[in-house]
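Quick note, the sequences are listed as chains H and W, same order. If you read the first sequence in the numbering used here, its first letter stands for residue 83, the second for the next number, and so on. If you read the second sequence in the numbering used here, its first letter stands for residue 41, the second for the next number, and so on.
Source of the hints: derived by calculation from the structure; they are not laboratory data. Just so you know, not all the hints are guaranteed correct.
Straight-line Cα separation of at most 30 angstroms, DSS-like style, residue types lysine-lysine; simulated pairs [what the hints assert, rightly or not]: (1) W:410 with H:225; (2) W:299 with W:135; (3) W:299 with W:186; (4) H:225 with W:135; (5) W:186 with H:225; (6) H:225 with W:299.
Here are the computed distance ranges between Cβ atoms for each label pair [unchecked claim]: (7) W:385 with H:170: 51 to 61 angstroms; (8) W:281 with H:407: 51 to 61 angstroms; (9) H:324 with W:275: 44 to 54 angstroms; (10) H:301 with W:196: 27 to 37 angstroms.
Glycine included, each C-beta is placed from N, C-alpha and C at the ideal position.
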Amino acid sequence: MSLSKIKFDKKIVLSFWIILIALIIAAPTLLPVFRLNLLGRYLSLSIVALGVDLIWGYTGLLSLGQGIFFALGGYCAAMYLQITSASEFPNNIPEFFALYGVEKLPFFWEPFRSPVFTFLAIWIIPALVAGLIGFLVFRNRIKGVYFSILTQASLLVFFNFFNGQQKLINGTNGLKTDVTQLFGQMVGSESMQRIFFWITAILVIAAWFFAKWVVKGRFGNILIGIRDDEPRVRFTGYNPVIFKTIIFSIAGGLAGISGALYTVQSGIVSPQFMTVPFSIEMVIWVAVGGRGTLLGAILGAVFINYAKSLVSEALPASWMFIQGGLFILVVTALPEGVLGWIQGDGPRNLLQRFGLKRKIETYPSLEVNNKEGNNE
Amino acid sequence: MELLLDSLFNGVAIGSVLLVAALGLAIVFGLMGVINLAHGELMMLGAYTTYVTQLIFKLPILKPFYNSYIIVSIFLAFIVSGVVGILLEKTIIRKLYGSPLETLLATWGVSLILQQFVRSVPLAYGTGLVISLLIGLFLPTTFPSKIKESINFKYFKFSSWIFAALTGVLTGSLISSSVSKLSRASARNVDVTAPSWMRGQVEIIGTAFPKTRLMIIVITLISVIAITLFLNQSAWGMRIRAVTQNRQMSDCLGISTEKVDIITFGIGSGLAGVAGVAVSLLGSVGPNVGGNYIVGCFMVVVLGGVGNLLGTVLASFGIGIMTDLIGAGRLLSIWPDMPLPLSNTINFFATTSMARVMIFALIVIFLQFKPTGLFPQKGRMVEN
């Protein structure tokens, strides 16, 4: 990570932050409502991308099931909103229950009457589920492709479960949050959406710092150790299962927060959040941005989604080709992602190719770059 | 008894679709440690091949042979999916050897492209493209060795690709002008109608079995036998087994692992095509048809373990029979007066989607005891 080692001038850092904060505050006035809403959604997606980066970029676990935790967070938030604004419906429960003849709120939704509980549940429940799945899988030293396949299968299981249970969670239709009330205001209203945008922007920054803190120090070193040579970590006396479980549940918690923010901004949570393509897309945001670079995950999520919406508006059919090509290209030609390429040897190699920069004679380019060990 | 037989047959029918689809995946995974996420799309290509073959056999010249189109399409599907698979191996997967997770992502990209390709390119020209790929890839290998060894071989290769492209365009436009259904791109699902001799039912020991299901079981049986014979009796089969067991050692002993990889990937993809024919008999064919089966295939591979076909066979029939038992709530009809809480639980899981939930839970529990599947590979190479 050569870029992070370069000491930026304090003034530059300060002004960067001031500009960033000014942009966040001013965004609602600069952008039309529709674009602002999109930006807010994509920013919330970047939180789940941070989680993917933690488990894939740093720990080497390719999870294809982050959609589970994303949707769980979304369902928690949506159900709270539905319950609190259900006073005019029969039995004081959300409207859809009446369609299926349910008269009493299912017991596990009961705690969601409390805002504090919901606030905690949004990230604790996904984290616990992730921890459980992770523990069962890691305990048996299931790793690599097997792990990916199992996470994908569990994603499908959750999808089937949520899709099929009309009486508990409204099945395929999902839960709408647009017309619900929060603090006496409509969630779908413009002023509410503006607040959500600011909350999202703050949480993205907070999540970024949190992720930075996680990968810093010994804990982060062990994660990278697990990625690069797990048996050696084990032989050194660490138990990788614990670390993998912890990081997987952290990623799950981040996904939950992200899902909740995305839900309130898109106005609905449905089992569609748990489809296979969506969870794999999360991985490609990180891959394009640069895995192992936290900023890359954020930028990747925002830019790819923005590109997706722009391209699909103009040429609906071509996005699948572009996305598929992006998968192949990034994996074969740019394995470190865009930011990883910029931070690594990429620009120098490019300049060297045109003879603009002196070739480095030493191997492995000691004086210029202290790159950490290559992952195989 | 009759009920049990019925349930068993249904389970075997579900399992045999899974088996023929998972067979290719398991072989490739065993050999290269690569999970091919585009496997479902290769199945989809096989299913579309069946559709195209059916329409072409409706042409006046081929009309007399219409009833045999399904047999022809099995071979064609094998070739089409196999060729696409070989191209995939040659262009992408070979570059990613040793990084299975990256392969996973790249093959997902391929699957997206294939899905959209079927949506936005007319099937006639798709057929033309496949034909030109076939010629371009295989024509050079048929040249006499005198040409192959000459310095000018690349020019011969180049000209054979040009020839291939021309043939492809020609066939494409020929098909598109003669079969109007294939000349337009459409994202709509298409239907394959089974030939008359495959419609209806057969009665065995008092129970009626649909003929298409029997046909699928037969296709699966033949595929399994053929692949077992190939792996155990032929020279290339022996090489494949050797590379599966120990790649470096086989390389040292002079086995061309590169060729083994291509052949295995081609055969694995070809089997996906055959599975596509089976799938096309079950329902309508669309760009997403592979996605419905692919996770089941992964489960079979995870459950069955690597490098042993018996594991794959047992796992797919196991999953098939369990799916039917749980999903159709058959346990209740076999044992009608079971205690109430138990029957409530069974009723809760008695839908196709909830059966999947249950089966996955069972697989996870199973993996707690045998993390590497039914028949794990033994030896020192296994750990990494």
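Against the structure, the hints:
Of the supplied pair hints, the one linking residue 410 of chain W and residue 225 of chain H holds, its CA atoms being roughly 14 angstroms apart against a limit of 30 angstroms. At roughly 15 angstroms between alpha-carbon atoms, residue 299 of chain W and residue 135 of chain W fall within 30 angstroms of each other, so this suggested pair holds. Taken as a hint, the residue 299 of chain W and residue 186 of chain W pair is honoured in the structure, with Cα atoms around 21 angstroms apart against an allowance of 30 angstroms. The hinted pair formed by residue 225 of chain H and residue 135 of chain W meets the criterion: a straight-line CA distance of about 22 angstroms does not exceed 30 angstroms.
Using a Cα cut-off of 30 angstroms, the hinted pair residue 186 of chain W and residue 225 of chain H is violated, with the two alpha carbons roughly 49 angstroms apart. Pair hint residue 225 of chain H plus residue 299 of chain W holds up; C-alpha atoms about 28 angstroms apart against a cutoff of 30 angstroms. At about 36 angstroms, the CB distance of residue 385 of chain W to residue 170 of chain H disagrees with the hint of 51 to 61 angstroms. Checked against the given bound of 51 to 61 angstroms, the beta carbons of residue 281 of chain W and residue 407 of chain H, roughly 36 angstroms apart, lie outside it.
For residue 324 of chain H paired with residue 275 of chain W, a C-beta distance near 49 angstroms keeps the hint of 44 to 54 angstroms intact. In this structure the hint that residue 301 of chain H and residue 196 of chain W lie 27 to 37 angstroms apart at CB is violated, the actual value being about 59 angstroms.
When each numbered hint is compared with the structure, violations occur for hints 5, 7, 8, 10.
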